[in-house]
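Given chain A, put chain B in place with the hints provided.
Below are the chains, spelled out letter by letter.
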Amino acid sequence: MTPTPFGLSYLPETPSQTAGPYVHIGLIPSQAGFEIFRNNFSGDIAGADVEGQRIVIEGRIFDGAGHVTKDVLVETWQANAAGRYNHPADQQNKSLDQRFRGWARTGTDFNTGLYTIRTIKPGSVAGRKGRKAMAPHVNFWLASRGINIGLATRMYFGDEEAANSQDPVLNIIEQSERRQSLIATRSERDGAVVYTFDIHFQGDRETVFFDV
Amino acid sequence: MTPEAEFHQRDRDLHPPAYTPVYKTSVLRSPRIPLWSLQNSLSEVTGPAFSPDELGPLDNDLVLNYAKQGEPIGEQTIVHGYVLDGNGQPVSNTLVEVWQANAGGRYRHRNDTYIAPIDPNFGGCGRMLTDERGYYFFRTIKPGAYPFRNRVNSWRPAHIHFSVFGTGFAQRLITQMYFEGDPLIPHDSIIATIPDKSAADRLTAKLDLNASRPLECLAYRFDIVLRGRRQTLFENKLQGG
Chain A
7 MTPTPFGLSY LPETPSQTAG PYVHIGLIPS QAGFEIFRNN FSGDIAGADV
57 EGQRIVIEGR IFDGAGHVTK DVLVETWQAN AAGRYNHPAD QQNKSLDQRF
107 RGWARTGTDF NTGLYTIRTI KPGSVAGRKG RKAMAPHVNF WLASRGINIG
157 LATRMYFGDE EAANSQDPVL NIIEQSERRQ SLIATRSERD GAVVYTFDIH
207 FQGDRETVFF DV
Chain B
7 MTPEAEFHQR DRDLHPPAYT PVYKTSVLRS PRIPLWSLQN SLSEVTGPAF
57 SPDELGPLDN DLVLNYAKQG EPIGEQTIVH GYVLDGNGQP VSNTLVEVWQ
107 ANAGGRYRHR NDTYIAPIDP NFGGCGRMLT DERGYYFFRT IKPGAYPFRN
157 RVNSWRPAHI HFSVFGTGFA QRLITQMYFE GDPLIPHDSI IATIPDKSAA
207 DRLTAKLDLN ASRPLECLAY RFDIVLRGRR QTLFENKLQG G
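Residue numbers (the working numbering), protein chains in the order written: chain A, 7 to 218; chain B, 7 to 247.
Any given hint might turn out to be false.
On the chain B side, residues computed to face chain A include the following (Cβ under 10 angstroms) [to be verified]: (1) T8; (2) A11; (3) R16; (4) Q45; (5) S49; (6) A55; (7) D59; (8) R178; (9) A225; (10) R227.
If you're looking for bench data, these hints aren't it; they were derived computationally from the structure. Keep in mind it's a predicted model, so treat the numbers as computed, not measured. Ideal placement from N, C-alpha and C gives every residue a C-beta, glycine not left out.
Isolated chain A (complex conformation) (with noise of 0.2 angstroms):
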């Protein structure tokens, strides 16, 4: 344990290594290509009873060199239709929809390097106290082979102008035109609600990634 004055003691964090280029086997083995569990965790959350719009997610990840990934583990967490999160520290006064946990788990295609997330359009979010409510937004975390520390980030959708205008984590980005790295453009396939969010390690389009 690490000593501190006054003899202050805290636990010090158990550090972070990278996922490997193998993370597949132990949190998404269909990938890996093999089954093992009877029940396996999906990037497909939007049960037949789970109530909200219908939205895909779906992008690509570009290393610094411009390549497609093909081996990073997509996780995401959000709010259900109403804005609120499926956990006990959210106390907001919305409904609750207890078919819906709001987590999925996904991985870039080995072939085609997209990830694909089932799910339904998250409402807004009350912010911290004193500040604006957040825009629908989708937390994301990576992992993957050559990251040493899982990265976090947020996609907003690009149909909520008037909301992400007004948001208070979009707006603490000083550069605005970044702001635009964590917004996902809509569009419509096949009868379904497609939002593109293409995620950059580096370079000119560097996604705002946070230190939560």
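Using the frame of chain A, we list chain B on its own:
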């Protein structure tokens, strides 16, 4: 959300930085612009919870959970420990997932081409929930060392990958556990990404003879610490409604 629900600031000096040329793959996968510091909102203090009925009875037994015609080859080994937070409080009912190579150092993964053979009876992954004391336990086969393409002759020490959730998404952590006494530890490029020597040392599980099973298997102890919340007031408030 009350301020008590917030997490302590992450001490980034205990972790590897994103850009570590000793581990070549990190060079093109590390953000170049500093992370934006974000005070916790509901999006960070909340996170997914999992229930026991989502897991199968053999999910934490890597010796049996993929056994087809017999048991896997190698040293049966127990790994156990506690998941605690920075305040020393147990993190109960949290999901711990593990994955690893087999006894020969080969991963059951379509992208692994190492010469060591796949073991038909070993999958190499498991998962479990901590109990109310934050305790977890699993049985496995001790993994072998294997080479990886970093330098010309880079080898990984035997290790087990761990994924842990905690109670809020800002606690999310993936790490690796090593085995006490492994001579490859001082040569490893992945451990070398951690600048703080004492932090790196905490990733080495200790031989735990008291937890071993005589004439059956050895045991290793590996405790995991996640970020603490501002205080346990959080828990009390929840229980009190």
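Once the shortest beta carbon distance from B:R16 to chain A is found, is it less than 10 angstroms? Cβ of B:R16 sits 7 angstroms from chain A, so the hint holds.
Status of the B:S49 interface restraint (C-beta, 10 angstroms, chain A): Interface hint status for B:S49: holds (5 angstroms vs cutoff 10 angstroms).
Can the hint on B:Q45 be confirmed by a CB-to-CB distance to chain A that is less than 10 angstroms? Given a least distance of 6 angstroms, the restraint on B:Q45 holds.
Mind checking the CB of B:A11 against every CB in chain A and telling me if the closest is under 10 angstroms? Holds: closest Cβ of chain A sits about 5 angstroms from B:A11, inside 10 angstroms.
Holds or violated: B:D59 as interface residue toward chain A, Cβ cutoff 10 angstroms? holds, 9 angstroms
Hint validation: B:A55 versus chain A, beta carbon distance must be below 10 angstroms. Holds or violated? holds, 7 angstroms
Does B:A225 meet its interface restraint, that is, does its C-beta lie within less than 10 angstroms of any C-beta in chain A? violated, 19 angstroms
B:R178 as an interface hint toward chain A, with CB separation required under 10 angstroms: B:R178 check passes; min Cβ-Cβ to chain A is 6 angstroms, inside 10 angstroms.
Tell me if B:T8 is really an interface residue toward chain A, meaning its C-beta lies closer than 10 angstroms to one of theirs. holds, 8 angstroms
Does B:R227 hold up as a contact with chain A if the rule is Cβ-Cβ below 10 angstroms? With a minimum Cβ separation of about 14 angstroms from chain A (threshold 10 angstroms), the hint on B:R227 is violated.
Of the numbered hints given earlier, the model fails hints 9, 10; all others are met.
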